[in-house]
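In order, the protein sequences belong to chains Z and C. Each residue of the first sequence is one higher than the one before, counting from 1120 in my numbering. Each residue of the second sequence is one higher than the one before, counting from 18 in my numbering.
Hints listed in this document are in silico derivations from the structure and should not be mistaken for laboratory results. One or more hints might be untrue.
Claimed, not checked - Partial chain C-side listing against chain Z, Cβ under 7 Å, derived:
| hint | residue |
| --- | --- |
| 1 | P26 |
| 2 | M78 |
| 3 | P419 |
| 4 | L434 |
It should be emphasised that the depicted structure is a prediction, and the values quoted were computed from it without experimental measurement. Where a beta carbon is used, it is the ideal one built from N, C-alpha and C, also for glycine.
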Amino acid sequence: MNWGQWLLVSILLSSFIPGIIIFGLPEEKHRLRTVLNICGSIAKIALVLIMDIGVYFGHIFEIRLSIIPGVELLLNGDPLSALFATLSSVLWLLTTVYAVGYLEGSPNRSHFFGYFSLCVTVTIGIALAGNLVTFLLFYEMLTLTTYPLVIHRGTEKSQRAGGNYLIYAFSGGAAFLFAVVSLQTIVGPVDFSAAGFPSSFIESHGAALILIFILLIIGVGVKAALVPLHGWLPQAMVAPAPVSALLHAVAVVKAGAFGIIRIVLDVYGPQNLLLLGVLPLLGGVASITILYGSIRALQQDDLKRRLAFSTISQVSYIALGMSLADQPLAVIGGLVHLVHQGLMKITLFFCAGNLAETLGIHRISEMNGVARRMPFTMAAFSVGALGMIGIPPTVGFVSKWYLGLGGLAAGNWWVVAVLAVSSLLNACYFLPILTRAWFGKQQEPWPEEQYIGRFETRLMLLVPPLITAFIVIAAGVVANAQVSPLAWVRFIVRGYTL
Amino acid sequence: MTVFQFSSPAWMVCPVILPLIAGLLCFLFSHRTFAIALAAALTNLLVVCLLTGQLLVFGPMRCHMGGWQPPLGITLRTDGPALLMLLMTAVTGLAITLYARGYFSYRISDPRRAGRHQRQQRYFWPLWMLLLAGLNGLFLSNDVFNVYVTLELIGISAASLAALSGKPASLLASFRYLLVSLLGSLTYLFGIVFLYRSNGVLDLGLLQNLAANGLGIRTALVLMSVGLLLKTALFPLHFWLPPAHANALAPVSAILSALVVKGSFYMLFRFWFEIFPSTITQPTLNFMGTLGAVAVLWGAVQAIRQHRLKLMVAYSTVSQLGYLFIAFPLARVDGGIPVWSIVIFIALAHACAKSAMFMAAGTVFLHLGHDRIKDLSGVRASLPITVFAYGIAGVSLMGLPPSGGFVGKWLLLTASLGSSQWWWALVVITGSLLASIYVFRVMSRLFVIPEGFSLKKSEPHFRLLEWPALALALISLFLGLAASWPLHILVHGTTTLAQVFVGGLP
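Using the sequences plus the hints, can you model the full thing?
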């Protein structure tokens, strides 16, 4: 094995080994557990950054392991996997810090952090997967490792949510498996590559390939919460806040969106999809999801549920970008939203968790004047919310700008219309929260004030959202610089002939 | 002495003789039973590894007992499938031996019923050794009548083991099991009579070369198949299995579900696809596939409906056995995957996963004193390793990657979609989904620690109960990643005729 292969393996092991050790740790060793967690996360970020640099300079990272004839496990570091891996590992460090603060003093922490670490391992595995079989492997393992986190509270309600999550996820996985095997029997083993499979298959197997594409999108669409496959997501809100942050911003929903990207760009390839004529279908589903999620978000009074429906809506921007796969600008918009949505949504969930953990606030109607009690938290929340609406100079604006440009370049006015309506709806469900929090008057005592100290809440809860909120603005301001999510996405798109 | 050289075929006598001797010793020295059995299980594993080495170096081998050539003498032979089954038996057997030790010493430590449990243990070890000898003999036999003898040995010792727990339900179930097993053996024996009358040979190698298609052979094949199917518990002949497996002692359940049903299936498969391939028509294969598909779905639905953990696991066996038969109609796919590798993978993965699951269920039973699914909450707090083992075994049964079950299902899917028989693929996928429901119905209970739950400390005996289950579960999980090893053994050892028949190896 050369150093690149060792690097890929150690990227996976840097969270897998701490996870396994943590499972064996007794409950009361919380300091050792925290040290292991944080060290693992930092090591992972360092290793992923080394990989990023290698990828930028054209080094090829690849591990192949043949299982049976025609089935290979392939780990592969290409620019796209570097994007997702970097996002996950950075946000993971912050979520870990946050989770340590959030779960202080609660039971079963070894169990929780063990699965937490396995979960990041699997997410990175999804990022590095180099073919459909490997992707499927990690995709199914993601379901298994997130399930214990969803039912962590152990209540009847969380068990029901967990059961529902499993039914959705496994059904999606089954559709995916069926599609992968079918595709493989038609075109042979498919590695993710910029070209997709040879277009000669389209003449002979056109109908089957369309069907397989739909099944594949259903398979990943369950996790990406495309309407009507989104039912599990709002229910899964019963999980602890760090888990919600993780499900929405980093791991599960993102894995689904990342799957859509891989299928469109690397399995089929934009040219083949244009020939098959299925892209408008994806665009339609994405648009419906965007509007439906926003409208449902409007109706929610529970803060976390509103954020959940907002996720459903926002993640579909990525699918929308992919449905215009022949337009480089739209593809840039979709890809960069993978990062931007993660940053914004994780900020919002951290803040919602702070409100619940510090003051017992779960409902928007309880938020009157909360910004005076928790100014930093609400400042971070406001940055995230404004980003979601798409106000410059936040990153949300950058994504929408590129998506809109791509839509115009393709001559699809409806894309711009969808974006405009969606932004309007975003404003409708976020701005009232902000006005309430900043300008409202506190009428009754906080539902359950739990923390009184020097800062507005525990430091470990306060710092992560401030950092992500800072990045939301900074990455928007320097979007055009040499080093930014946007710059990296441009580098990715240069690799495709669109 | 040339007998003890690496290349000597005489080694293959050991897997049969050693457990037999150990069984006799267990009768004689009833206070050293575990040591004797453990020694036998370990030596068995070593010898099987040696035989595998032999196979990889020299290819398939034959051993003529006492130097008599067939059709007069008794012949043993090794080839790829036989060795993989032997390996499966040796590995799970060793784990089950360790587990049984923990199981009995835990039960004997309970002063109320110590006498009864001691008696159970005294009978368990010799019977288990006899069963092991029978299984090894079955996999090595190269002669129809020897197969009959080993089938009887397996059937009688298995039924006696199932009766050990002594509860009325288990006595009834094991009695039924015994009758079914005897009926199966008798039918099989009738088949042999027909075979012998029409051909005058019993050696499998000689029968293979006959390739005759007369009425005698057909009748013989039907009778033998029905006998073996009865023992394999293919739907609708599965009625005896769930009560017998669920009411037995936990180590016995593991043995019955993981190994015993595989024995008769293995012989059936040999008869159909190696010895008399030309006699079998495609409609017959489709019919078997249909029965298998019904078994997969019916077994899984029944498993979902059970209220007791061990019954649930037993019905899951009915369902998983169905997958083996779905491979039948796909056997003649041109240029496809060798059908041996499909069934071997499913069988290996199921053996490891199912024995791990029965062990875990047994540990939970010992710990709580019951196995009602709705009252399982909080087990994770005291038995984390057992719950983990249950979960991993479940992953393999559901056929999620990277487990051995996944590779088996992948091969099935590829074969069925590659030959445009997509309905089998639908059954396979639906079966996996149903499996995920029954696995997680229990898992969600095991995982949750209710509020105000007081921790019941696990006792030191539990170490021998927990780790063998975890080891087997991990083997079934990583079997998928190491899939090239069993395939390598298979490729080395399949007889040429089978290779031609299944469409050639890549």
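Earlier hints that do not hold, by number | Violated hints (numbers, rising): 1 and 2; every other hint is consistent with the structure.
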